[in-house]
Amino acid sequence: MSAGGARALDLARDIAAGERSAVAVAQAHLDRIAEHDGLVHAFNVVTADAALARAAEVDRAVAAGEPVGPLAGVPIAVKDNLATRGVETTCSSKILQGWVPPYDATVVQRIAAAGAVVVGKTNLDEFAMGSSTENSAFGPTRNPVRTDRVPGGSSGGSAAAVAADFAPIALGSDTGGSIRQPASFCGVVGVKPTYGLVSRYGLVAFASSLDQVGPFANSVADAALLLDAIAGPDPADATSIPQAAEAVLPRLDEGVAGLRVGIVSELLGEGIAPDVAARVREAAEALAAAGAEVVEVSVPAVTYGLSAYYLIAPAEASSNLARFDGVRYGLRVDAPTTNEMMVATRTAGFGDEVQRRIMLGTYALSAGYYDAFYGKAQKVRTLIGRDFAAAYEQADVLLSPTAPTTAFELGAIADPLTMYLNDICTIPTNLAGHAAMSVPFGTGDDGLPVGVQVLAPALGEVPMFRAAAVVEAAAPAPAAFEIAGSK
Amino acid sequence: MSEPRVPTDSLGNPITVPDSHDVLVVEAADGSRWELVCGLEVHAELHTVTKMFSAAPNSFGDEPNTNVDPVTLGLPGTLPVVNEAAVELAIRFGCAVGAEIRRSVFSRKNYFYPDMPKNFQISQYDLPIVVGGELELTGGHVVGIERAHLEEDTGKSTHVGGDGRIAGAEYSLVDYNRAGVPLLEIVSRPHVRSAEQARQYVAELRAILVACGVSDGKMEEGSLRVDANISVRPEGSDELRTRCEIKNVNSLRSLVRAIEFEASRQADLHAAGEPVVQSTRGWDEASGTTVLMRTKEDADDYRYFPEPDLVPVDPDPARVAEIAASLPLLPSARRHRLAERTGAAVTDESVVAVVDRAQDDQAVAAMDAGGDPARVLVHVTQNLAGEGGADLPPGRLAELVALETAGELTATQAKQVLTELVADPSRTAAEVAKEKGFEAMDSGALESVVDGIIADHPDEWSSFCGGDDKARKKLSGFFTGKVMQATKGQADGRQVAQILARRAADA
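Residue numbers (numbering that gives the first Met the number 0), protein chains in the order written: chain A, 0 to 486; chain B, 0 to 506.
No lab work stands behind these hints, which were simulated from the structure alone. As the structure is a computational prediction, the values presented were derived from the model and not from experiment. Take these hints with a grain of salt, some might be off.
[Said to hold, decoys possible] Quick list of simulated restraints, FRET-style, between CB atoms:
| no. | chain 1 | residue 1 | chain 2 | residue 2 | range |
| --- | --- | --- | --- | --- | --- |
| 1 | B | Val-48 | A | Arg-250 | 55 to 63 Å |
| 2 | B | Thr-65 | A | Gly-138 | 48 to 56 Å |
| 3 | A | Gly-138 | B | Glu-296 | 39 to 47 Å |
| 4 | B | Val-48 | A | Thr-346 | 38 to 46 Å |
[Unchecked claim] Which chain B residues stay away from chain A? Per the calculated CB distances, all over 12 Å, these:
| no. | residue |
| --- | --- |
| 5 | Leu-10 |
| 6 | Glu-40 |
| 7 | Pro-75 |
| 8 | Glu-219 |
| 9 | Ala-357 |
| 10 | Ala-401 |
| 11 | Gly-436 |
| 12 | Lys-473 |
[Unchecked claim] Part of the chain A face toward chain B, derived, beta carbon under 10 Å:
| no. | residue |
| --- | --- |
| 13 | Asp-236 |
| 14 | Thr-238 |
| 15 | Phe-323 |
| 16 | Ala-366 |
| 17 | Tyr-373 |
The beta carbon of each residue, even a glycine, is placed where N, CA and C say it ideally should be.
Okay, chain A solo, but in the shape it has when bound (with noise of 0.2 Å):
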């Protein structure tokens, strides 16, 4: 059989139901992963034998009678900077190579409770730091819609992975875009949940207050059932929220009458190509023609948030990355004290990105500068957050681009402030603490993928999905496309 274009929810009602058979599921996958990631780059790791024996696991149990969760036999990627015990977690850094983890990650705990099966670990730029997966240690990943171009970043690997059939669905997380601007770059459905939805335990922290994991897939339905499964309070994480989530498959149908949907202004403009643009404005025109009220609104301090995350983020990354020292884990460069075998394994073990944000951040935490930088970037974020509520008294989601462009090419862009500006319309959303996700809606003049972000309040998830089937069901049918190229 092949992997081509399976749902995960079909999948698993048909693994459920003894109609197919979870490790030909898997093997046609593993068997894609074969032929094409050698290109693609999708994974640091494939773990093939755990997903049979795992996939094997599934069937014995559907067999036996035994209840299974609802991803039962679904093949998953997970990215490559949430724990998996026995299996390398690298983050995509030459100063975690080799370190396995004793534990699980709560959603990796999660998904193997629900009975998914994990194929592999995907690529990201160096600790989830950059937007093209290029920062990687191991290499960058190609965009398998067209392999000169980059998939985006951070988790890069994972979109890759969804958007060539490596697998239905795959985890990623989300600081500033990581999930979404991926998604759009390679065609598939991504979700940056509310803060707090979704336990970050065992997600190796980037930037603690803004982190947070996600479900990709190729459909808005099977990002929901992802959600759904990895949702929910976590008493490991002292920022999970403790009530119990509500569950969004269920109310996927509902439709967009009478949800009011508000375009923002200030991301239609200045830095967004119009081809992109023009999606935007057509999508919307798709939700107003199935019975939503669409309007313009204003969410002035959107334009801040870039300078804002970008002190609050390195503060945070200086601080969470202080403990890779080449003490305990991980690799260590030998030198005559400890302290220079600290610098020395620190040198040597983090790239020039992560370097340059660990300096940035420690600069901006340092006594006299606290109050200049850190202080005033939380400030904005405050104001952040009073903008959008405003823009929520006039809305219940909001409408923008996920990314100013389609994907670019590997390598077009060497200067970081010009890759940093590709997250001008997520990091928003993760500065607010709130929920948003992309959605392919068309191409551009360039013929590749464009994603349609659509944001909520915190908690917001259910007419954030509500309005993203909307727009699915209205998207001009995605072209096909063979992986091809030479690396």
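We have chain A already, so just place chain B on it with the hints.
What follows is chain B alone, placed relative to chain A:
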């Protein structure tokens, strides 16, 4: 030369230094006189089952690196979760010293050290949970508390080779059993004015922590650690001069020595016109001196910022009130109670000693059972300090004191009966007294014994009758001794003295 003043403390409150009747004043080499200003920082390990932010056991003395889990080791992806029991213990302490319990925020204190798994310590910075409060010392002096905050302990490094410090070591071993153990850092105001007050402060703090079940308070195991912030100023001035922080003080005795040494060192520097450099110094037990560890210039910039993995701790006032109501009677309240019952001063040595030994409940119960308070206090202080003394049922003590005050037992006899009662409290005091043959003599019998002794020693008797006070006192002892000999100690000394006085007046 006076250093610039530091007018406020870490919470923005003005710094005040109270006067005291026993301020330590040291004399510098040139004869100038300098008085001590001292504040103490006490780190108390909290008596919890698990660690501050993880479920790993909080237990001392186990095999290295056995009380660890992924959170303790700071493994990538792990997150801290606040131990509610530790928060409750901090609140207990706060209530015990009359402090305010506030909404508090954890922050990260960032610096690199191999025994700190995350290379930052989670602590409370500008918003601690406990603010204010005070301690009344056994000597009567009152020391204000600035704040107390929760934090996690570090691991323990052993540097092998070289001189035992990390610099120059061949290699280092790290034990993370202690990493993440909950600590309460209790910061006093600079209200400590003498080394003796410092000793009393730490002893009192320890007693409170133990009484409330907050900490086991073992300085020798490091579960109570003391740093002293010390400065001196010209006697009688109200300046605040540059201070030094003294670490590695491992006993109350060392604390006293370290303060006295450091005050003299700084006084000599000031007197010689040399600067006292703000620094951290270590107490060296062997040499009896403080040794420079680092100056403020070398200090790390800790880059504090609010810990994003945790939410603020905002205790429910109703819960705080519940905790306050559940506290046991604390040492200073116990001393006041005992002082009031006995009429002694609250700083009286007996009162302090009995409360320190936690025998005041026993004493008060004996008084409640009718024992004369002054005699009860004497017996508990002097005769029940030994093994088993604290276990003597208060009713037995009350019986004994009743026999004594009724004149049926002498002080000497009472002490002997008490010893028997401690060994076996199943019999009454009266039964023991009877067994030992301690029967009160009737006064007629005693008078005839005294008369017999007088008749046997005519020379001494005439000297007694005609002598001055001194001779009379001496001979009174002589006659009493003879009477005691003759009665095998059953006579009451006071009664003998009365009979002698009467006979002399009649002579």
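Checked hints:
1. The beta-carbon spacing between Val-48 (chain B) and Arg-250 (chain A), approximately 43 Å, falls outside the hinted interval of 55 to 63 Å.
2. Remark: the range hint 48 to 56 Å for Thr-65 (chain B) to Gly-138 (chain A) is contradicted by a beta-carbon distance near 41 Å.
3. Range check, Gly-138 (chain A) to Glu-296 (chain B): Cβ separation about 45 Å, and the 39 to 47 Å hint holds.
4. Distance hint check for Val-48 (chain B) and Thr-346 (chain A): the Cβ-Cβ separation is about 41 Å, which falls inside the suggested range of 38 to 46 Å.
5. Here Leu-10 (chain B) stays apart from chain A, with its beta-carbon at least about 18 Å from theirs, past the 12 Å limit.
6. Every CB of chain A lies more than 12 Å from the CB of Glu-40 (chain B), the least distance being 21 Å, so the non-interface label holds.
7. Once the 12 Å rule is applied to beta carbons, Pro-75 (chain B) is inconsistent with being away from chain A; the minimum gap is 4 Å.
8. Interface exclusion of Glu-219 (chain B) from chain A stands, the closest Cβ pair being 29 Å apart, more than 12 Å.
9. For Ala-357 (chain B), the condition that its CB be more than 12 Å from all CB atoms of chain A holds, with the nearest at approximately 39 Å.
10. Residue-level check passed: Ala-401 (chain B) sits 60 Å from the nearest beta carbon of chain A, beyond 12 Å.
11. Separation of Gly-436 (chain B) from chain A is adequate, the least Cβ-Cβ distance of about 71 Å exceeding the 12 Å criterion.
12. No Cβ of chain A approaches the Cβ of Lys-473 (chain B) within 12 Å, the least distance being about 76 Å, so the stated non-interface status holds.
13. Taken as an interface hint, Asp-236 (chain A) checks out: its beta carbon lies about 5 Å from the nearest beta carbon of chain B, inside 10 Å.
14. A distance limit of 10 Å between C-beta atoms decides the matter here; for Thr-238 (chain A) the minimum to chain B is near 6 Å, and the interface restraint holds.
15. For Phe-323 (chain A), the interface hint holds, the least distance from its beta-carbon to any beta-carbon of chain B being 8 Å, beneath 10 Å.
16. Interface hint at Ala-366 (chain A): satisfied, since its Cβ lies 5 Å from the closest Cβ of chain B, which is below the 10 Å cut-off.
17. Given the 10 Å rule on beta carbons, the hint for Tyr-373 (chain A) holds: about 6 Å separates it from the nearest Cβ of chain B.
Consistency with the previously given hints fails for numbers 1, 2, 7, ordered from lowest to highest.
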